Each structure stands twice: as structure tokens, then as C-alpha cells.
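A.B. asks: Listed in order, the protein sequences are those of chains A and B.
Its first residue numbered 1, the first sequence is counted upward by one per residue in the working numbering.
Its first residue numbered 1, the second sequence is counted upward by one per residue in the working numbering.
Just so you know, nobody snuck in bad clues.
Heads up, simulated DSS-like pairs for lysine-lysine below, C-alpha to C-alpha not over 25 Å straight-line:
hint: 1; chain 1: B; residue 1: Lys319; chain 2: B; residue 2: Lys336
hint: 2; chain 1: B; residue 1: Lys264; chain 2: B; residue 2: Lys252
hint: 3; chain 1: B; residue 1: Lys257; chain 2: B; residue 2: Lys238
hint: 4; chain 1: A; residue 1: Lys189; chain 2: B; residue 2: Lys104
hint: 5; chain 1: A; residue 1: Lys189; chain 2: B; residue 2: Lys112
hint: 6; chain 1: B; residue 1: Lys355; chain 2: B; residue 2: Lys20
Just so you know, these hints were derived from the structure itself, not from any lab.
If you're wondering where the values come from, they're calculated on a predicted model, not measured in any experiment.
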Amino acid sequence: MSPLPFHRRKTVRLTLRYILACLLVIIFVFPVYWLFSISFKTPDEIFAFPPVWYPKSIQFSNYMVLFKDGDAKTVLNSLILATASTFIAMILGTIAAYSLVRFKTGGENLAVWIISQRMMPPVAIVFPVFLLYVFFGWVDTFFGLILLYTAFNLPYVIWMMRGYIEDIPLELEESALVDGCSRWAVLWKVVMPMARSGLFATAVFTFVFAWNEFLFALVLTRTEVATYTVQVTHYFGGQSNFWAKIAAMSVLGTIPVFFAVATMQRYLVRGISMGAVKG
Amino acid sequence: MSDLKITGLHKYYGSFHAVKGIDLEVPSGEFTVLVGPSGCGKSTLLRTIAGLEEASEGTIEIGNKDVTWARPRDRDIAMVFQNYALYPYMNVFENIAFGLRARKFATAEINKRVNNAADMLGIGPLLQRLPRELSGGQRQRVAIGRAIVRDARLFLFDEPLSNLDAQLRDDMRVEIKRLHQELGRTMIYVTHDQIEAMTLADRIVLLRDGIIEQLGSPLDLFERPASHFVAGFLGSPKMNFLPATLSGNTAKLSDGKKLVLGGKRDGKTGQTVILGIRPQHISLSGKSVAIGHARVAVTVELVQPTGSRVHVTFPLGGKSLVAELESRDVSKPGEKISIDIDMTRAIVIDPHSEKVI
Numbered sequence: 001m002s003p004l005p006f007h008r009r010k011t012v013r014l015t016l017r018y019i020l021a022c023l024l025v026i027i028f029v030f031p032v033y034w035l036f037s038i039s040f041k042t043p044d045e046i047f048a049f050p051p052v053w054y055p056k057s058i059q060f061s062n063y064m065v066l067f068k069d070g071d072a073k074t075v076l077n078s079l080i081l082a083t084a085s086t087f088i089a090m091i092l093g094t095i096a097a098y099s100l101v102r103f104k105t106g107g108e109n110l111a112v113w114i115i116s117q118r119m120m121p122p123v124a125i126v127f128p129v130f131l132l133y134v135f136f137g138w139v140d141t142f143f144g145l146i147l148l149y150t151a152f153n154l155p156y157v158i159w160m161m162r163g164y165i166e167d168i169p170l171e172l173e174e175s176a177l178v179d180g181c182s183r184w185a186v187l188w189k190v191v192m193p194m195a196r197s198g199l200f201a202t203a204v205f206t207f208v209f210a211w212n213e214f215l216f217a218l219v220l221t222r223t224e225v226a227t228y229t230v231q232v233t234h235y236f237g238g239q240s241n242f243w244a245k246i247a248a249m250s251v252l253g254t255i256p257v258f259f260a261v262a263t264m265q266r267y268l269v270r271g272i273s274m275g276a277v278k279g
Numbered sequence: 001m002s003d004l005k006i007t008g009l010h011k012y013y014g015s016f017h018a019v020k021g022i023d024l025e026v027p028s029g030e031f032t033v034l035v036g037p038s039g040c041g042k043s044t045l046l047r048t049i050a051g052l053e054e055a056s057e058g059t060i061e062i063g064n065k066d067v068t069w070a071r072p073r074d075r076d077i078a079m080v081f082q083n084y085a086l087y088p089y090m091n092v093f094e095n096i097a098f099g100l101r102a103r104k105f106a107t108a109e110i111n112k113r114v115n116n117a118a119d120m121l122g123i124g125p126l127l128q129r130l131p132r133e134l135s136g137g138q139r140q141r142v143a144i145g146r147a148i149v150r151d152a153r154l155f156l157f158d159e160p161l162s163n164l165d166a167q168l169r170d171d172m173r174v175e176i177k178r179l180h181q182e183l184g185r186t187m188i189y190v191t192h193d194q195i196e197a198m199t200l201a202d203r204i205v206l207l208r209d210g211i212i213e214q215l216g217s218p219l220d221l222f223e224r225p226a227s228h229f230v231a232g233f234l235g236s237p238k239m240n241f242l243p244a245t246l247s248g249n250t251a252k253l254s255d256g257k258k259l260v261l262g263g264k265r266d267g268k269t270g271q272t273v274i275l276g277i278r279p280q281h282i283s284l285s286g287k288s289v290a291i292g293h294a295r296v297a298v299t300v301e302l303v304q305p306t307g308s309r310v311h312v313t314f315p316l317g318g319k320s321l322v323a324e325l326e327s328r329d330v331s332k333p334g335e336k337i338s339i340d341i342d343m344t345r346a347i348v349i350d351p352h353s354e355k356v357i
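Work the whole structure out from these sequences, hints included.
C.D. replies: Right under this line is the structure:
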């Protein structure tokens, strides 16, 4: 048998590559699809065997239940906590990073100490934090969790923003200082726009961390500010699991992150690769 | 009236002494060039004037106001940086208007000033572009535009042309000189390029190791350098230096040739000195020897035509000397020629103090 001509070989190789890519996509996307499909199924379809691959009709009843019982409020709680803590951590972290870079505050040691805070396993401080929060009356309050998430995210924000700010040419800032800006104006008008990609990329990661946080939310919330991650665990029962509710709640919990990543994608890719070059 | 007065200025970086006691007064409207080799402290001095570095000792006055501890924005200065320092996320108009907006000028005034500056610099059609869409020369024009709209008392230039290619550098040099004539403002310009210094300056401040080596008009420094360093730093091709021994009014070279010095010199008989002769002060012998000139017969070693002139290298007094001659005088290597050296303009340097005597 004579070997295939060059262009045929190229086509075959390309086809194989596409098949492999499709297989990988299916493996990764299927669980997500399954989650979505369960959330729209009737109880009969959920437990049917052989499995029903797609719901016969789209049922919103699972979602209706979540909203009627007030469970959906936990998604709003998560949104408030994640947004507020991200916002505060980004502002404080960027200012701190600017200080570390431009004024060499605390020398090299302070910067390393700050990032080392991030390496501490959260579970190690759950109990002391709980006692502290009981003492101050911060358990089950927005303030308590926002404070905690901000504290947890600050080292990460400072470390990332430090890298991005280091990349900004000093002359841009000096020129602004000569032209009439104060240090704060330089931070706002020069540093922030120059580090925009990095800011957004860091903000997305910070948001996702707070959004997915479970341990402290479980220990430090009761009913008022319970997050959706905590709420989902309530549907795992001793005798039976409420798969419909689990799926619907999980979908509700996925949507905000999906939008956050989708809108920031442009900056995300640039921001991550910026940090990769130097940081 | 002086726009800038510096008294006893020192700058330390840790144990490194970058600026070692500078006293300088710059009259209103003058174009002063700070020049010197890298590490001489010229950029540090400029940055200290701008307030981007803190003075360790001494005072700085701008417009008769002590600004030693004032913030950069309170010093009434505008500055052009080497790397242009344009904001990549703003178009040309906004870049030029940045300083005016920071100082809360009215929109109508901003428009007027930006358009004036753009016309002056020939960048009117580029106002809506982003910096990345401009060439190097255009970017530098925008950077200059940003400084001139400010209408500051003092304009500072930190090696603004060193990122440009040779052709563009010549054009921009002309542009800056023209701007100075039109605006009549006091300008302080840092460069390591002696051609830039010679062509632009009303007055040159030549720095070396953090001190002022010599200060004066370009011609002053060229014709009457105060030291070995100044003589060697300015001029192209470089000044020729020959070891010699003084004997009355005559310098005896190591090969026994004697050159009669023009004018009165302070050296003692028997003193070893260094004789400095500019390549431009050597010419091909004519019919008669002009007063104060020394006639020497030499053998041509190397010929470098530059177009209008020709650089001829020949041995004399144990050294290779360069003479800048007329192109039609061009000789071939090995050719024997007779040259006249203008000894009235030759300098005599004490090798110990390195000063001109």
C-alpha cells in the first residue's frame, strides 16, 4: 500500500485532533450539563433508569420552590458578601501594593510576610475566629464575613497588584507628579488605568474565592447571612438527598460567577499573562 | 533676574555621593545644558531640581522662591522625559491636556492651549491618535507639547533625544532650539551628547563626578577649556594630546621637535606638560607661515573622508594625531605633507593638577 499523499495525511491528522478535542470537551462539560438538566427535570425523570438524557419538558418548579421557601436569598447573601469583600480588598490591596512598590514600605520582608499569610490553612484558625466572633457578636452578620473574606483576600491582592504595579514605568508617575498630580491622583489617574487588566484579573479571582468559600460560612452563619454553599449542604439528608434542589441551587450559584468570568475574560487572559512575564 | 538658583547642593544615595556641592544660577530665558559622561550626576541634579529626588544638603530656588522641600507640582516646572512618558490609554489630545486638567483649567482654555501647542509642533492631525499609533519622533513631539502647554517658569529636559535615531535627533534638535527662541523660556537640558550640548546651549555646565568641571558658553568651553577633561570631552574629532617639556616659550616634544607656543603661558622651564591641539586648528601648509603657527613635516598614516572634510591621522611626538583638513587636501596614506598648527589656540595642561596653565 502506498503512503497517503501529504494533504490527505494532514486532513486525517486534523480530524483526529478534532475528535480528541470533542471527547475532552464532553468529559468536562457533561457534569455541568447533567447539573443543569437535573434542575429542569421532574422527580420521575431524575430517578428514572435507564437515565433520561434530557428533560422531556423544561420544568421551573425546582427553582420556584427555592424562591418560595426563601432559600434563593442565600445566593443574594453570597453575592453581597463576595462583591463587598472583593471591592474592599481591591481598594486596600492596591493602595498597600503601591506603597510596597514605590516607597519600599517594610522592605522586601514585609511583602514576603504578607503573602505568607495566605499560606496558612484556614481550618487552623476556625475555632479561635469563631470564639472571637461570638465574643464581639459578629456571628451571622454581613459585617463579620465581609471582614473575614477581606482579610483572607488581602494578601493575594497585595501580592498580585505588587507585580502589576512594578511593571508600570516610573517615568509615567513622575511625569504626572510634575504635571500637577498628588500621590493619590497618580494612583487614581495613572496606576489604576495602567494596571487595569491586572486589577480585573485579580478581582475575578478574589470574587470567586469569596463566592466559593464554605468553611467559615458554615461555622459563622446561622440563618441571616447563610451563603448558598452552606444552603446546598442542607439538602443532603440522612435518608434521602434532594437532588432537584441541589441541582437548582447549584445552577443559581454558578450563574453569577459565569457572568463575572465572561465579562472579564478579555482582561483575565491579559492580566494572567502579564503577571506571568514579571511579577 | 534668575529663574533658578542652586546653592551648595549635595545628594547622597546611601554612602554614594552623587552630587557634591553644586552652585548654579540660571538667568531668565537662558538655555542651559547639563552635560557630562554617564554617572556624572547630571540626571540626578535635574531630578533634584524637579523635586523627584530630595536634596541631601543645600537649597534650590525657582523664581526667587525656595522650593528645596516643595512637591514637584508646586515648583512651576514642566519636564520632558527620555522615554516620552506618554499615557498609553489616552489619545494625544488628552496626553497634552493632562497637566492642564490636573490643574483644573477651564475646557475652553485647555482646547486653546492644546491646539496651539499641536500647531507649533506640527502634530495637529494626530490629536485623536493613541501613543502606540505614533512614531518615535511624533511621540517625543507630544511629550514636548505636554510640557509647553503648561507655560511653566522652568522647562526641564532629561535626555529627550537619546531614544531617537540619528536623523530624527538632528531634526528634533532644531525643533527644540526653535521652540526656545519662540517661547523665550528658561530651559535646562540634560544630555551626554556633546554635539547636542554645543548646538543647543546658551551656556554649558560640564559635570564630572558630581561637581561642575566648567561652566560657560559653548565657544568658551571649546576654545578655552579649563582642564584636561573638558578639553577631551568637547569637540569631534577629539582634541589631540601630546606629552612635551617646556623651555621658555617653546614646547619640546618627545621626538625632539620644538613648537613655539603663542601667547603667554604660566609654565616653568623644564616642566613636563601635556599639549592640547584641536584637529580643527591644524591646516595644510600654505605659501607662508601665519603668525603664531608652527610648521611641521609629517607622514600620513590614515585618511578618513567625512564628505565635506577629511580626518587625517599622522604620527607626531610619539603619538597619533588627527587633523581635520579640507577635502581637496586629501592625501593617501604614506604621503609626506607639511602642516601648520595654530599654536595660539593650543592649550598647555599641567599633568598633575590636570588644569590648563
